[in-house]
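Participant: Listed below, chain by chain, are the residues.
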Amino acid sequence: MVILTIIALLLGILYGISGLDLAAVSLFTSHTDGILYILMFSVGISIGLHKGILNSLRQYHVKIFIIPFGIITASFASGILCGIITGYPLNLSTAITSGMGWYSLTGATVGNLAGAEPGSVAFLSNLMREIFSFLIIPYLAVKCNNYTCIAPAGATSEDTTLPIIMKYTNEETVVLSVLNGIICSAFVPVLISLSYHFPLFQ
Amino acid sequence: MDILIIMCLGILVGNRIFPKEKKKLNEYLQLSCTLLLIFSMGVMLGQRDSFFEDLASLGITSFIFFLIPTALSILAVYFLTKRFLQNKKN
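One line per chain: the protein sequences are A and B, in this order.
Sequential numbering from 1 applies to the first sequence in this note's numbering.
Sequential numbering from 203 applies to the second sequence in this note's numbering.
Please keep in mind that the hints were generated in silico from the structure rather than gathered at the bench.
Among the clues, some could well be false.
Calculated from the model, a selection of chain A residues having no Cβ within reach of chain B, i.e. all distances over 10 Å [to be verified]:
hint : residue
1    : Phe134
2    : Pro163
3    : Val174
Covered stretches of chain A, as calculated for chain B (at least 3 residues, CB under 8 Å) [stated by the list, open to error]:
hint : stretch
4    : 61–75
5    : 100–112
6    : 140–149
In this text the structure is predicted, and so the values were computed from the model without any measurement.
The beta-carbon is built from N, C-alpha and C at its ideal position, and this holds for glycine as well.
Please model the complete structure; the sequences and the hints are all you need to start from.
Facilitator: Right under this line is the structure:
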């Protein structure tokens, strides 16, 4: 997945630099809104397919919301901080950090909403978060507690970073990691859209 | 906001009528759409006249947007779980 998205980005950049204007490519690049709608519908289907989440909610009760709450709040607050540091408008900076590591969706969505440059920042920063998670999780398992291993992974804690969380933590943390990934992933598109259109930030 | 409405419709379809055995097909659709959008973003980037000059600043900005949310998430989850969840080690 990582390699495919990087190849897609590089191919797009090369095509843009080359100055070519192929009708088939223009058809896609000029209809990104429609592609984004299909993507969001498909993401919704994925969330809807997680039928077991209600049982887990009953089992873990409010406990399952502690970790996603920490990640979502911290990511949103850091969006404000990043906006102040980089000079990006707050609606844009909070939209970028709302990705919580889901680099493909965040890059594509922010790129479509705000343009290629913020979209690239969203893509690269969230990609860095996912890659960095692989390096820091073993350290966090030893120095902090098992639950903290879920924090850098963010929305990816249910898929790409799950194997490394499984390796360095226990069964309970793995269950909470999957649930955290589902909750954060469901919130990513919502938070990007809400942040970007939040009137106080514009 | 239209994005959210469409996503909610997707959740409804996924929860009520979408067959679970077609999950893989839905994942392929997601991957295809994502790759097309990333490719389009690359095209828009490459078409910028100042692309090569912007490249270094994009890297630094991306690093800031990675470092701060990751560090704050770790701190927030560490203190919240220390306070509200039992602290277990391997």
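Participant: For each hint, tell me whether it holds in the structure or not.
Facilitator: Hint check results:
| no. | hint | in the structure |
| --- | --- | --- |
| 1 | Phe134 | holds, 12 Å |
| 2 | Pro163 | holds, 16 Å |
| 3 | Val174 | holds, 12 Å |
| 4 | 61–75 | holds (count 9) |
| 5 | 100–112 | holds (count 8) |
| 6 | 140–149 | holds (count 7) |
Violated hints: none; the structure is consistent with every hint.
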